[in-house]
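A.B. asks: Each chain is listed here by its residues.
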Amino acid sequence: MSDFFSLLLSKYNYWIYITLMMIGLYAMIAKNNLVKKIVGMNIFQTAIILFYISIGAKKGATIPIIEHAHERHGSEAGSFLVQAANYINPLPHVLMLTAIVVSVATLGVALALAIRIYNRYKTLEEDEILSQIRKE
Amino acid sequence: MSEHYPALLVTVPLLSALFITIAGWLKKGLCFPIAVAALSVSLYSSLGLLMRILSEGPVLYLLGGWPPPWGIAYYVDHLNGLILTVVPLVALLNLIATKKVVEEEFPEKIGPFYALYVLMVTGLLGILVTGDAFNLYVLLEIASLTGYGLLAMGEDRAPLSSLNYLYMGTIGACFYLLGVGYLYIVTGSLNMLDISSILPSLYQSRAVLVAFILCMVGLWIKMAFFPLHAWMPNAYTFASSAATSLVAPLMTKVMVYVMIRLILTVFTPKFDFTVLAVKGPFVWLAVLAIVAGAVLALAERNLKRMLTYVIVAEVGYMVGGAWLGNRDGMTGAILHIVNDAFMTLCVFLVVGNIVYKVKGYRFENLKGLCRTMPFTMGAFVVGALSIIGVPPTCGFFSKWYLLSGAIQAGHYGFVAALLFSSLVNVVLFFRVIEISYYEPRGESHGHGASSPALNEAPVSMLVPLLMVAAGLILLGLYTGDIINHVIRFAVPASLS
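Those protein sequence lines, which keep their order, are chains C and R.
Residue numbering for the first sequence follows our numbering, starting at 3 and increasing by one per position.
Residue numbering for the second sequence follows our numbering, starting at 21 and increasing by one per position.
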């Protein structure tokens, strides 16, 4: 049992992202309201963003900015010895900036489609829309 | 100039989307010419690029001069060089063929439609040309998001089916992104060539296995591989025919390309076929997809929906061929990407012409069409023969390679599925041809011999369609050249 908890604690970032992802997936599958499904989709995407951010983190490291570097000029400016272990990895953060843009765009398209659906069927509940479609 | 072809391919349609949007506000008549010009530049660059690859070998293009693995590099070899020429050609032919449909169906939205159209082509070209796994995800989402928008412009039910596609497509893309994340954890790189050079020492790692599974499942959702195909029939059926005949030939095929790229370049054949014991099960999944696609198509009495299920079966061909794990199977899969893009374009353009004239695509709308629309139905017959796999058309040759690959691999389930699906295709398409040839139209019933007047689609729709139909036969006749000069180099030597 204690093994299980130590496993859980040492890899907690993965457990958090998987849990969030499953919450999102559950909402997309089980919810009846189209907007709730869209919210679920967004949770799903955000879970992956969290996963990426967490893999860039290091214990005892700081943000990847070299202090007082701007005061040096010329040939000195490039001559810093950087200990990578002292800085968190900025690349996953940069990747996720792009992924956030993608997820915002997806959210926008999804909500626009939901508006079109609402204008046509006057409801956002999926079962009511399907029963209207069946009647036609 | 010519050294910048890989960048021009993508940036010209991207920038043209901006100009088309502006033209949509100022002068709607300009949207179409701008789109044609942009796609022509893409086509020209892709042909130039292919010529260069044929003479000099693979091309590595550094964006901003940053060398990989730090910068994003475009990497074009024989595999994507070939498919890069297909995408702008299909998009351009479809653009010209559907001009009248767009003007009639949404005259107010010509600007947005063409802007989305060129953006989707941008996304697809970007997916093909990039050598960076994360860049591929971003472009995948560009192509998908514009695809959702295009498919939502259609009948009343189109937005709902497009929203369902959006849910599934987002899950697929997120899985792919997660897979890339795991690859990044173990290799610290996002460049495909770099990853594949680091991976061999990590083949036993469980993280690599997870990355592989996540990428495959994500791409299978995107390419509508049975049983993950549920989003496709409705999304394609209820959309406007101008959008369907762009998305249906290209989206699934480009996704199959991405899968083959991962198999061959990122994970290398040694990992896929020797380290992992998934070859057999995956081909069986493809067998299931082919049989299910064929049976579901047989149950339809609606031409457009029937064709979407034919695509489900065709995706099964390509996935199965790629996972047979031998030279002929892989050659067949790559050749089938090219052939299937044109075959699907041909039959969906026919549906577009029929919808334009008859305002319906159910089987009862097709009665007597062989007499009123002989050229359109003639092209349909060529497309049908090609999908069935009758010799002079291109469909025969890719199926031949798939079959020979299956026999070499000793996978007789796949052989049987291919033959079964060909037979079902015969039934499917001859049923349509029979209805349109023998059954008279409602109004002319009882008049007997008096043949109804010709009521053919406009010339601007017919000429591209007939070009595609002729292309199917030409592609078949030049199969040997395509394989000897291009595909032979695309399949790595380690695959025997």
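In short, the hints are calculated from the structure, not lab data.
Backbone N, C-alpha and C define an ideal beta-carbon position, used for all residues, glycine too.
Keep in mind that the hints are not guaranteed to be accurate.
Unchecked claim - Covered stretches of chain C, going by a simulated chain R footprint (3 or more residues, C-beta under 8 Å):
| id | stretch |
| --- | --- |
| 1 | 6-17 |
| 2 | 42-55 |
| 3 | 58-69 |
Claimed, not checked - Taking lysine-lysine and the DSS-like style, the derived pairs with C-alpha atoms no more than 27 Å apart in a straight line are:
| id | chain 1 | residue 1 | chain 2 | residue 2 |
| --- | --- | --- | --- | --- |
| 4 | R | K379 | R | K120 |
| 5 | R | K377 | R | K119 |
| 6 | R | K387 | R | K120 |
| 7 | C | K38 | C | K124 |
| 8 | C | K137 | R | K379 |
| 9 | C | K124 | R | K129 |
Unchecked claim - Computed footprint of chain C on chain R; a stretch qualifies when at least three of its residues, placed anywhere within it, have a C-beta under 8 Å from a C-beta of chain C:
| id | stretch |
| --- | --- |
| 10 | 170-184 |
| 11 | 197-209 |
A.B. asks: Would you mind marking each hint as holding or not holding in the structure?
C.D. replies: Each hint tested on the structure:
With 0 residues bearing a CB less than 8 Å from a CB of chain R, the stretch 6-17 of chain C misses the requirement of three and the coverage assertion fails. Counting residues of the stretch 42-55 of chain C whose CB lies closer than 8 Å to any CB of chain R gives 6, so the stated coverage by that chain holds, three being the minimum. With a cut-off of 8 Å between beta carbons, the stretch 58-69 of chain C has 0 residues touching chain R; three or more are needed, and the interface restraint is violated. Taking the CA atoms of R/K379 and R/K120, the gap is near 14 Å; set against the 27 Å cutoff, the hint holds.
A distance of roughly 14 Å separates the Cα atoms of R/K377 and R/K119; the hinted pair therefore holds under the 27 Å criterion. Pair hint R/K387 plus R/K120 holds up; C-alpha atoms about 24 Å apart against a cutoff of 27 Å. Note on C/K38 and C/K124: the hinted pairing holds, with a Cα-Cα distance of about 17 Å set against a maximum of 27 Å. Of the pairs offered as hints, the one joining C/K137 and R/K379 holds, with about 22 Å between alpha carbons and a cut-off of 27 Å not exceeded.
A distance of roughly 23 Å separates the Cα atoms of C/K124 and R/K129; the hinted pair therefore holds under the 27 Å criterion. Only residues whose beta carbon comes within less than 8 Å of a beta carbon in chain C count, and the stretch 170-184 of chain R has 7; three or more means the coverage holds. Beta-carbon proximity to chain C at under 8 Å applies to 5 residues in the stretch 197-209 of chain R; the threshold of 3 is reached and the given coverage holds.
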